[in-house]
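**Q** Below, each chain spelled out in residue letters.
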Amino acid sequence: METSAKKLIQFKNIVKSFDGQIVLKGINLDIYENEFVTLLGPSGCGKTTLLRILGGFLEPDEGNVIFDGNDITNLPPYKRDLNTVFQKYALFPHMNVYDNVAFGLKLKKEPKDIIEQKVNRMLRLINLEDFGKRGIQEMSGGQQQRVAIARALVNEPGVLLLDEPLGALDAKLRKEMQRELKKIQKEVGITFIFVTHDQEEALTMSDKIVVMKDGEIQQIGSPTDIYNEPANRYVANFIGASNIMDGIMLEDRKVVFEDKQFECVDFGFSKDERVDVVIRPEDIDIVAPGDGKLKGTVKSVLFKGVHYETVVETKNGTSITVKMNVSEDKPVINGSAGEMMSANDFYLDTEDVENLTDAFIIDHSDAQAWDPKTDERISISSVEYEIKKEKGTYPVTFKTAAGTMVTANMIVQDPNRAVDEEYGEEIYAVNFFKKADEIQESIALDTDLKIWANALAYDLETGSSVEITDVEYSFDPENIKPGEYEVTFKTRGYEYRIDTTDKAEVGTTVGLNFAPEDIHVMKKQ
Amino acid sequence: MKQFRKMTYPYVAWISVMIIVPMILILLYAITTEGNGVVNFNFTIDNFVRFFSDSIFLEVLGRSLRVALITTVLCIVLGYIPAYYIAKCSDGIKMKWVLIITFPTWINMLVRTYAWIGILQNDGIINTILGWVGIGPVDMIYTEFAVILGMVYNFIPFMILQIYTSLSKMDNSLIEAAQDLGANRFQCFWRITFPLSLPGVISGITLVFLPAVSSFCIPKLLGGGQYVLVGNVIESQFLTSGDWNFGSAISLIMAIIIMISMYITKKVDKTEIGERASA
Amino acid sequence: MKKEKRVFSSIFMALMVVFLYAPIIYTIIFSFNSSKSLTHFESFSLRWYEKMFNDATMIQAVIYTIVIAILATIISTIVGTITAIGLSKSRKLVRNLVEQVNNLPIMNPEIVTAIGLLMFYSAAHITKGFLTLLLAHIMFCIPYVILSIMPKLRTLDPNLADAAMDLGATPWKALTKVIVPQIMPGIVSGALIAFTMSFDDFVISYFVTGNGVNNISILVYTMSKRINPSINALSTLIIVIITVFLTITNLIPVIAERRMRKKLKKAQKK
Numbered sequence: 013m014e015t016s017a018k019k020l021i022q023f024k025n026i027v028k029s030f031d032g033q034i035v036l037k038g039i040n041l042d043i044y045e046n047e048f049v050t051l052l053g054p055s056g057c058g059k060t061t062l063l064r065i066l067g068g069f070l071e072p073d074e075g076n077v078i079f080d081g082n083d084i085t086n087l088p089p090y091k092r093d094l095n096t097v098f099q100k101y102a103l104f105p106h107m108n109v110y111d112n113v114a115f116g117l118k119l120k121k122e123p124k125d126i127i128e129q130k131v132n133r134m135l136r137l138i139n140l141e142d143f144g145k146r147g148i149q150e151m152s153g154g155q156q157q158r159v160a161i162a163r164a165l166v167n168e169p170g171v172l173l174l175d176e177p178l179g180a181l182d183a184k185l186r187k188e189m190q191r192e193l194k195k196i197q198k199e200v201g202i203t204f205i206f207v208t209h210d211q212e213e214a215l216t217m218s219d220k221i222v223v224m225k226d227g228e229i230q231q232i233g234s235p236t237d238i239y240n241e242p243a244n245r246y247v248a249n250f251i252g253a254s255n256i257m258d259g260i261m262l263e264d265r266k267v268v269f270e271d272k273q274f275e276c277v278d279f280g281f282s283k284d285e286r287v288d289v290v291i292r293p294e295d296i297d298i299v300a301p302g303d304g305k306l307k308g309t310v311k312s313v314l315f316k317g318v319h320y321e322t323v324v325e326t327k328n329g330t331s332i333t334v335k336m337n338v339s340e341d342k343p344v345i346n347g348s349a350g351e352m353m354s355a356n357d358f359y360l361d362t363e364d365v366e367n368l369t370d371a372f373i374i375d376h377s378d379a380q381a382w383d384p385k386t387d388e389r390i391s392i393s394s395v396e397y398e399i400k401k402e403k404g405t406y407p408v409t410f411k412t413a414a415g416t417m418v419t420a421n422m423i424v425q426d427p428n429r430a431v432d433e434e435y436g437e438e439i440y441a442v443n444f445f446k447k448a449d450e451i452q453e454s455i456a457l458d459t460d461l462k463i464w465a466n467a468l469a470y471d472l473e474t475g476s477s478v479e480i481t482d483v484e485y486s487f488d489p490e491n492i493k494p495g496e497y498e499v500t501f502k503t504r505g506y507e508y509r510i511d512t513t514d515k516a517e518v519g520t521t522v523g524l525n526f527a528p529e530d531i532h533v534m535k536k537q
Numbered sequence: 025m026k027q028f029r030k031m032t033y034p035y036v037a038w039i040s041v042m043i044i045v046p047m048i049l050i051l052l053y054a055i056t057t058e059g060n061g062v063v064n065f066n067f068t069i070d071n072f073v074r075f076f077s078d079s080i081f082l083e084v085l086g087r088s089l090r091v092a093l094i095t096t097v098l099c100i101v102l103g104y105i106p107a108y109y110i111a112k113c114s115d116g117i118k119m120k121w122v123l124i125i126t127f128p129t130w131i132n133m134l135v136r137t138y139a140w141i142g143i144l145q146n147d148g149i150i151n152t153i154l155g156w157v158g159i160g161p162v163d164m165i166y167t168e169f170a171v172i173l174g175m176v177y178n179f180i181p182f183m184i185l186q187i188y189t190s191l192s193k194m195d196n197s198l199i200e201a202a203q204d205l206g207a208n209r210f211q212c213f214w215r216i217t218f219p220l221s222l223p224g225v226i227s228g229i230t231l232v233f234l235p236a237v238s239s240f241c242i243p244k245l246l247g248g249g250q251y252v253l254v255g256n257v258i259e260s261q262f263l264t265s266g267d268w269n270f271g272s273a274i275s276l277i278m279a280i281i282i283m284i285s286m287y288i289t290k291k292v293d294k295t296e297i298g299e300r301a302s303a
Numbered sequence: 086m087k088k089e090k091r092v093f094s095s096i097f098m099a100l101m102v103v104f105l106y107a108p109i110i111y112t113i114i115f116s117f118n119s120s121k122s123l124t125h126f127e128s129f130s131l132r133w134y135e136k137m138f139n140d141a142t143m144i145q146a147v148i149y150t151i152v153i154a155i156l157a158t159i160i161s162t163i164v165g166t167i168t169a170i171g172l173s174k175s176r177k178l179v180r181n182l183v184e185q186v187n188n189l190p191i192m193n194p195e196i197v198t199a200i201g202l203l204m205f206y207s208a209a210h211i212t213k214g215f216l217t218l219l220l221a222h223i224m225f226c227i228p229y230v231i232l233s234i235m236p237k238l239r240t241l242d243p244n245l246a247d248a249a250m251d252l253g254a255t256p257w258k259a260l261t262k263v264i265v266p267q268i269m270p271g272i273v274s275g276a277l278i279a280f281t282m283s284f285d286d287f288v289i290s291y292f293v294t295g296n297g298v299n300n301i302s303i304l305v306y307t308m309s310k311r312i313n314p315s316i317n318a319l320s321t322l323i324i325v326i327i328t329v330f331l332t333i334t335n336l337i338p339v340i341a342e343r344r345m346r347k348k349l350k351k352a353q354k355k
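Protein chains in written order, with this note's numbering: chain A, 13 to 537; chain B, 25 to 303; chain C, 86 to 355.
The hints are simulated quantities; they were obtained by calculation from the structure and are not laboratory data. This one's a predicted model, so the numbers in the text were calculated from it and none came from an experiment. Here a beta-carbon is modelled for each residue, glycine too, at the ideal position from N, C-alpha and C. Treat each hint with caution, since some may be false.
[Unchecked claim] No more than 16 angstroms apart at the CA atoms, straight line, and that leaves these computed lysine to aspartate or glutamate pairs for EDC-like:
id : chain 1 : residue 1 : chain 2 : residue 2
1  : A       : K91       : B       : E200
2  : A       : K100      : B       : D195
3  : A       : K515      : A       : E294
4  : A       : K37       : A       : E71
5  : C       : K121      : B       : D147
6  : A       : K24       : A       : E74
7  : A       : K305      : A       : E71
8  : A       : K307      : A       : E270
9  : A       : K100      : B       : E200
10 : A       : K535      : A       : D264
11 : B       : K112      : B       : D195
12 : A       : K447      : A       : D488
[Claimed, not checked] Far from chain B by the CB rule (all over 10 angstroms, computed), these chain A residues:
id : residue
13 : L41
14 : E45
15 : N139
16 : N240
17 : D303
18 : K316
19 : V323
20 : E366
21 : K401
22 : T474
23 : E490
[Stated by the list, open to error] Here are the simulated distance ranges between beta carbons:
id : chain 1 : residue 1 : chain 2 : residue 2 : range
24 : A       : K194      : B       : K118      : 36 to 46 angstroms
25 : C       : I211      : B       : G249      : 25 to 35 angstroms
26 : B       : G249      : C       : R176      : 26 to 36 angstroms
27 : C       : S122      : A       : F30       : 37 to 47 angstroms
28 : B       : K193      : C       : V103      : 22 to 32 angstroms
29 : B       : F210      : C       : I163      : 44 to 54 angstroms
30 : B       : F210      : C       : F129      : 48 to 58 angstroms
31 : C       : G295      : B       : G249      : 20 to 30 angstroms
One chain only, chain A, in its complex shape (with noise of 0.2 angstroms):
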């Protein structure tokens, strides 16, 4: 900002709570003559409530607003020199467009005919001349919206408050708009008050950007400073896509992430400080292999028109893999009885033995009985077995009522789980035994792998559960023949977004390359 610029409007430590729950903590902002100023944040970050502190509509609990050097926290919103923009604009439904925009002027008790001039200059502005004895219903979304800017400019307020405008119109004319309004003020040479949870609606619009979160300001800063020196994880995070990494700040200048050590520009850190690191999508380059800085394999390629989003995974998440039995079915036939029969051996741990149900059993051994000639099932009667809570093989028999019976195993094996210590996470898997038929039936392969095997993983520290974003294995579910095969479950690895014009092929082994002022560390939150 030029210093010649004059504060406008000093928010003085506001606080605000609805229902003993605080929006705002402590706010402490400087508006200027003159800009385009945009209050960014996901809903409930307290952006709205704060411009309706300075519309007049709310009291702060605490602090003061100074406009033009006077206190106006008091100040009823009819005495302030400011206007609105309202979400939903807000238009009077019972005037017409002439009338909504002349409201302010008429009630100031000005000459008619100065009215008329002023108004039909606001309609020319906005574009909407011809539009004057339209009823409000009657105009477009975006129409509405113009008319709802040139309402509150037409009364030449200081600063124009803006309460998400955009929202309600669609992608395109959306972009149309964000243009419109910052040539209107340019034109006008106003304070704009933009309030958006949209990023690139910020970016694009404003002259400094505030960004909130949880009724505390994050940052503030031009677009270029909040997008290449975001203040921390979040400011990152929320203004485009990121890849953040955690890491290790050697010395001034020097980091180090995924094990190794990078020239940076950053300095100011104390030695060995956890830190971490941002790497813009845009500023990786996909390189030979051995050429980069970092290596690893290409895991998706998604075509965005201009250039291609590339996800490649320099390192494994947790994994585990299991063994899956794959065999025939070999039902037995009760012929006197006009009965057939089937079950499976099937795993289970030690820890599953103490609450074991025979529906536990029937349903993981797939046990069942039906008539071969309609079809249909036959209940289960009885399900006898014997067993320990130690590892072994244990049988366990099936009959129905008309003495057909059928034999498997159970093996009780110590639970089968992998740590990593790196990513903190636990996974889990059992082996199992499948029939061929139900791998070839399988609608949804993957899933079904997962739930055969009871597949999952957890955040060690949290408790809470991880995605398996992985199932690999290298049989052809379509052609399967009966025996062993391997499973394999990932969780998600160290993954880095490139957006770059060159098109990867998936599968393939690749090196990233970036430059040292490409790394961006900030401080831990």
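Starting from the known structure of chain A, fit chains B and C onto it as the hints suggest.
**A** The following block gives chains B and C in isolation, referenced to the frame of chain A:
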């Protein structure tokens, strides 16, 4: 979905017999004289001529319209305040107020009106209280005042509810926008709130004026035997003097007058909103 | 200034409540009066209640009122629901026409509807009595049921019935399992309006009844010509019935909601 259309057939037959036929009968009786056979009708406008040439009937009609008009105006003036008050309450309290206002309407109208006979007596509770401050017994029961009071009492909940509904439907940001553009509380009300509540007022008028013009039990109960409104004339034509033709004609006249006044109100509503906006 | 306004409106609201409830409280108090006076309360007694219960015409009127109201509510709710669903699938022209005629009994002064019916019954040579009264009540109740269901049907996804039938439901199943549950709130409020309209009706009943069949309104109207405090007793009885009825209808949704919440909680615990 065509198979579902058949579900309307029984009701179409029903309304033809129970709604349309009676309406045709009223029209038919109104334009014929007594003693019609099934095949030969004597068409005439005598019934209408008789009504409009008799000053007594015209006086009754005038009185009915006057009473209905006063009742309607009182309901708007007295009903707007509670409606506005309730609309400004917080959500939980709003519903309680609506319940308080509507509860009496669920109790039989005759029953509630009957109670006023006792209250309005010369030695009733109101006159007793007036007596304490030295105002001598005022004749209230069996006067036009009592009739209007009875009507306002019966119909005002509907007016309150209609205005309240249209007020609470109004987007609060409109008020904020008006304040933002420099309107103080009074200007806000007069330029935004009131014009936007007019649809509620109009439907309130429909719910008050219409039954007020045609009411015949309230004037009978609170106005006494001598106090006659159009409704009472129609009643006597049908149930005492037995002149159905004349009675039908009077109801037709009344229905037409009501239709015209409703039409005018709606017209006024539209121009009113337009004028206020450009004022 | 704000405070003054609040005081003014609070006083006004208090006066409005007094105005609306004074007659009701007055009626209840004087139903326990030992003397015949409607203005001076002498002492507490139940003599008017005794008189009321010994008066066969009064008891009969109460029974007729309730029986007619229940029958009219059931029939008009069923017919109204069927018609409303049919209308929502009908062509626009048919729908508009039926809706117009349907609105006639609501828009017309009651007395006009009443004399129309009176003349219709006499032209059709139907003796006035219980049946004519019931038919008349059904006639003016159905429009209210239809009117309270139509908005619910309008907000319904028009493909709902098709979706149900696509999934294998017969038209009847689609109707009862999908559409009716969706519009249930409208049906219930329609039935409620129908019940009170029938329970309270005076004008139409007064014209179309005969043969000694009276309802409460007609009874009060005819008896009010002479001072008769047993009307107060009857009125109090009605006030009690309506209060209980309203409390129940208002409480049922609350209780149902609480039960749902409990169930949800249990489900969540599992």
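**Q** Minimum C-beta separation from D303 of chain A to chain B exceeding 10 angstroms: can you confirm that?
**A** Correct as stated: the minimum Cβ-Cβ distance to chain B is 58 angstroms, above 10 angstroms.
**Q** Are K121 of chain C and D147 of chain B close enough, with their CA atoms no more than 16 angstroms apart?
**A** holds, 14 angstroms
**Q** Look at the Cβ atoms of G295 of chain C and G249 of chain B and judge whether their distance stays inside 20 to 30 angstroms.
**A** holds, 23 angstroms
**Q** Would the hint linking K307 of chain A and E270 of chain A be met if the CA-CA limit is 16 angstroms?
**A** holds, 11 angstroms
**Q** Kindly confirm whether 26 to 36 angstroms is satisfied by the beta carbon distance between G249 of chain B and R176 of chain C.
**A** violated, 53 angstroms
**Q** Is it true that the CA of K515 of chain A sits at most 16 angstroms from the CA of E294 of chain A?
**A** holds, 14 angstroms
**Q** Using Cβ atoms and 10 angstroms as the threshold, tell me whether V323 of chain A really stays out of contact range of chain B.
**A** At about 43 angstroms from chain B, V323 of chain A clears the 10 angstroms cut-off, so the statement holds.
**Q** I want to verify a distance hint. Is the separation of the beta carbons of K193 of chain B and V103 of chain C within 22 to 32 angstroms?
**A** Roughly 29 angstroms apart at Cβ, these two residues keep to the hinted range, so it holds.
**Q** Between K112 of chain B and D195 of chain B, is the straight-line Cα distance small enough, at 16 angstroms or below?
**A** holds, 12 angstroms
**Q** Taking the closest pair, is the beta carbon of E366 of chain A still more than 10 angstroms from chain B?
**A** Per Cβ check, E366 of chain A is outside 10 angstroms of chain B; nearest 51 angstroms; holds.
**Q** Taking 16 angstroms as the top limit, are the C-alpha atoms of K100 of chain A and D195 of chain B close enough?
**A** holds, 10 angstroms
**Q** Is 44 to 54 angstroms a correct range for the gap between the Cβ atoms of F210 of chain B and I163 of chain C?
**A** holds, 53 angstroms
In this structure, the hints that do not hold are numbers 7, 26 and 27, in rising order.
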